[in-house]
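**Student:** Using the hints provided, position chain B relative to the given structure of chain A.
Number of protein chains: 2
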Amino acid sequence: MKSILPAGELNQFFINPESMVDADVDFTGTIYKIKNLGQFSFVHLSTLAGIFQSVITGECSLKEGSSIHVWGKVVTAKLKDKVLASKTIEIQISKWKTLSTHYESSPFDLTKPELNIHNDVLFDQRMISLRHPREKAIFKIQEALGEGFRRALRKRGCTELRTPKIVKEGAEGGANIFELNYFGQPAYLTQSPQFYKEFGVGIFERVFEIAPVFRAEKHNTSRHLNEYISVDAEIGNISSFEEVMAFETGVLKEVFEFLKLECSFELELLGISLKEFESIPSLTFKEVKVIVSREFGIHEENEPDLSPQEELKISEWALSQWGSDFLFVTHYPSEKRPFYAMDSEVNPEESLSFDLLYRGVEITTGGQRIHEYEAIVNKLKRRGMNPEHFEFFIKAHRYGLPPHGGFGLGLERLTQKIIGLESVKRCSLFPRDISRLSP
Amino acid sequence: MKSILPAGELNQFFINPESMVDADVDFTGTIYKIKNLGQFSFVHLSTLAGIFQSVITGECSLKEGSSIHVWGKVVTAKLKDKVLASKTIEIQISKWKTLSTHYESSPFDLTKPELNIHNDVLFDQRMISLRHPREKAIFKIQEALGEGFRRALRKRGCTELRTPKIVKEGAEGGANIFELNYFGQPAYLTQSPQFYKEFGVGIFERVFEIAPVFRAEKHNTSRHLNEYISVDAEIGNISSFEEVMAFETGVLKEVFEFLKLECSFELELLGISLKEFESIPSLTFKEVKVIVSREFGIHEENEPDLSPQEELKISEWALSQWGSDFLFVTHYPSEKRPFYAMDSEVNPEESLSFDLLYRGVEITTGGQRIHEYEAIVNKLKRRGMNPEHFEFFIKAHRYGLPPHGGFGLGLERLTQKIIGLESVKRCSLFPRDISRLSP
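Here the protein sequences line up with chains A and B, keeping their order. Going by this note's numbering, the first residue of the first sequence is number 22, and it counts up by one from there. Going by this note's numbering, the first residue of the second sequence is number 22, and it counts up by one from there.
Bound conformation, chain A alone (with noise of 0.2 Å):
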């Protein structure tokens, strides 16, 4: 017998490498770049705190893409390049034993500043591709977003769902579902996880869940992702719809207070300044088609629902006027909405619901839903549907639910917009389309 004792804690020198200055350091990492100049070699080493850049003197055989155990001193430098963004250190390296190395080198240079490769051979080496600085810097934000929101919403009494991606029924509905086979019967692949956070709030009465959904669009465009991260919330005991965007308005500011804390080094490497803020403005569906009609001639009044065009002219229209990167709009036509979602007492043809429009584009769509049993059947039955169809969810409201609403948001569509990338795909780390199955 072997006793295994807890190992794996990150050293001093990962957690806070500029106290280390002139201590005797050890650590692990993977050569990023190399430059020999004869006498000694700058090396910068890829590590689990980032880049470092390193010296070693006299003659040095490392190759970029080795992965390499080193031994050295920690130096005050100021550094400040592209891929290093600014450091206050440098390793002085003594010895170094080479833990792997690589069979070829990488398809394209790794150590551009910018990659520069055309999105078909980014996605098709994506293996290859994420190892460069500026695509990690990608997916780390990515992650202090969705770590963002987490906290902020177990910090509001959330609790944190895991629901099935294998499911009876689409809450969507529509064309746009994959189908299995499940054992000999039709299962499709969950579209949203919005039955079963409505349970949850009978259960939990505040409730998230970040994690994948599945649309089968067949647009391949540049806003459209087959699997993508959902970020879902609901809330109980809510007294209106405007609680559900007040609650959204905390969370996001928080979460973007983390991202600052979190990413300092990726927001400054890729160029990336957020604003503050501390209200979101909010505008009337129909006050949106007012103002696209008046300031920009879009004359889409009669559409129910707005175009990815007047979503664009109206954040312009809010930036210029509030100076916000967010809007929230309200009061959709009911038409355009799923059947749980609750209508206006005052005029029915409104629902009680809003998306939140960031830089242009729709990252959230939210409100509240109706939570009473005869309330939801009567919805059914008015747009045609089968509440016996959907028995096992309005099981939730005839047993007793509170008011509730939430919203979603889209994961990868959130962190494009912070970063200013021209497409979502860059935002999936392994990107799902119509014609894109692998890696």
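I should point out that these hints are in silico values taken from the structure, not numbers from a laboratory. A quick note: this is a predicted structure, and the numbers were derived from the prediction, not measured. Some hints could be false.
[To be verified] Interface residues of chain A toward chain B, partial, derived using beta-carbon atoms under 10 Å:
1. Tyr124
2. Phe160
3. Glu200
4. Ser303
[Stated by the list, open to error] Using 16 Å as the maximum straight-line C-alpha spacing, the simulated EDC-like pairs for lysine to aspartate or glutamate come out as follows:
5. Lys23/B - Glu299/A
6. Lys23/A - Glu263/B
7. Lys438/A - Asp346/A
8. Lys189/B - Asp145/A
9. Lys176/A - Glu30/B
10. Lys334/B - Glu383/B
11. Lys281/A - Glu168/A
[As the list claims (entries may be wrong)] Here are the computed distance ranges between Cβ atoms for each label pair:
12. Lys103/B - Gln33/A: 44 to 52 Å
13. Pro408/B - Glu409/A: 48 to 56 Å
14. Lys94/A - Asn197/B: 52 to 60 Å
15. His240/B - Gly195/A: 46 to 54 Å
16. Val42/A - Ile293/B: 25 to 33 Å
17. Arg155/A - His240/B: 41 to 49 Å
18. Lys176/B - Gly195/A: 37 to 45 Å
We treat Cβ as the ideally placed atom computed from N, Cα and C, and that holds for glycine.
**Tutor:** Then chain B, alone, in the frame of chain A:
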């Protein structure tokens, strides 16, 4: 234009109700249980901070299952009952407002200390049965386990990945894979993020993911789920597979500490006590075979794997010998491990891999992986597999990977064994098995 200000933070009552004695409070909750004694009523209110006993003096027509907003005063009390566990405060309610009520009473008595209904009913009526405090407690414990893993892994420098669930190739292969039609081409639901987390090591060095995986296993047993949550970690620049075991030991220690902090109420309610541990004993596969044969008369020496019976017996033996609920078993025969597992140089018939048993069942499989390109190509060929079919995977090896290893852990199974439930299905919010696809 309206301006939406942040809201939704928990008030002090929810954060630390015990600090609010004598204070006037108002909050929302759902009536879990009500006992009308004429002159006054005891109302158990389920809130975001747990269940509280409250008292209403005089007439009261409130019903179980209603959500209400209450105003009142916090008073000291020593309460101990089967659903409240220990509570030191009570609320004197002076005013209330009904927010919602139900259409019909719950099909079973949610106020009994134990539900005592058959699993089929429990799962068919999941949206209601989960409202029982003991069922809820299972998922608060599971949430804390997931969060504990995430914290311990992030603290160790692991980057959180979000990898695709629709894939072109299964990591495990075999028949237990769900197939779907992906815009005319065959695709599969992932059985494991293995390939992607190995890519992740080449990008971030240390990575993890907590996400659903899918297994089309046809056994309908108390050990199996067709969709479950896998906690996966993979770490680079290791020097041995035992480093992975030491890493997992450190992580688990912190997970258990976090669970005790987060879920003292739930652990008390379910009567769970958890052993402290400083290390985890480890036996080789061959040692286990010798012991189960000698001590328990199980003669399966020639089987290249451990049977459930052997896992149970060797766990009992480890508990009696060393007082440990955990046991690592190492050096599994290579033939039973996937192609990417690294084999021992001394004895290539043994893999540098391990399972972790907990209270009689395997909760983790892990080990060191092959990181060199020529080695992985040769291993595939030796197994009669075509390296071209795995081109997308071994590209990572071709362009260089640090030596690495990792583990996967089934979250529901760990939850089950901690709580001591008879079936793992009890630990899935909405379980999926061969005959269950809804709710």
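**Student:** Hint by hint, note whether the structure agrees.
**Tutor:** Cross-check of the supplied hints:
| no. | hint | in the structure |
| --- | --- | --- |
| 1 | Tyr124 | holds, 4 Å |
| 2 | Phe160 | holds, 7 Å |
| 3 | Glu200 | holds, 7 Å |
| 4 | Ser303 | holds, 4 Å |
| 5 | Lys23/B - Glu299/A | holds, 13 Å |
| 6 | Lys23/A - Glu263/B | holds, 10 Å |
| 7 | Lys438/A - Asp346/A | holds, 10 Å |
| 8 | Lys189/B - Asp145/A | holds, 13 Å |
| 9 | Lys176/A - Glu30/B | holds, 7 Å |
| 10 | Lys334/B - Glu383/B | holds, 12 Å |
| 11 | Lys281/A - Glu168/A | holds, 12 Å |
| 12 | Lys103/B - Gln33/A: 44 to 52 Å | holds, 48 Å |
| 13 | Pro408/B - Glu409/A: 48 to 56 Å | holds, 53 Å |
| 14 | Lys94/A - Asn197/B: 52 to 60 Å | holds, 53 Å |
| 15 | His240/B - Gly195/A: 46 to 54 Å | violated, 35 Å |
| 16 | Val42/A - Ile293/B: 25 to 33 Å | violated, 48 Å |
| 17 | Arg155/A - His240/B: 41 to 49 Å | holds, 47 Å |
| 18 | Lys176/B - Gly195/A: 37 to 45 Å | holds, 43 Å |
Checked against the numbered hints given earlier, this structure breaks hints 15, 16; the rest are met.
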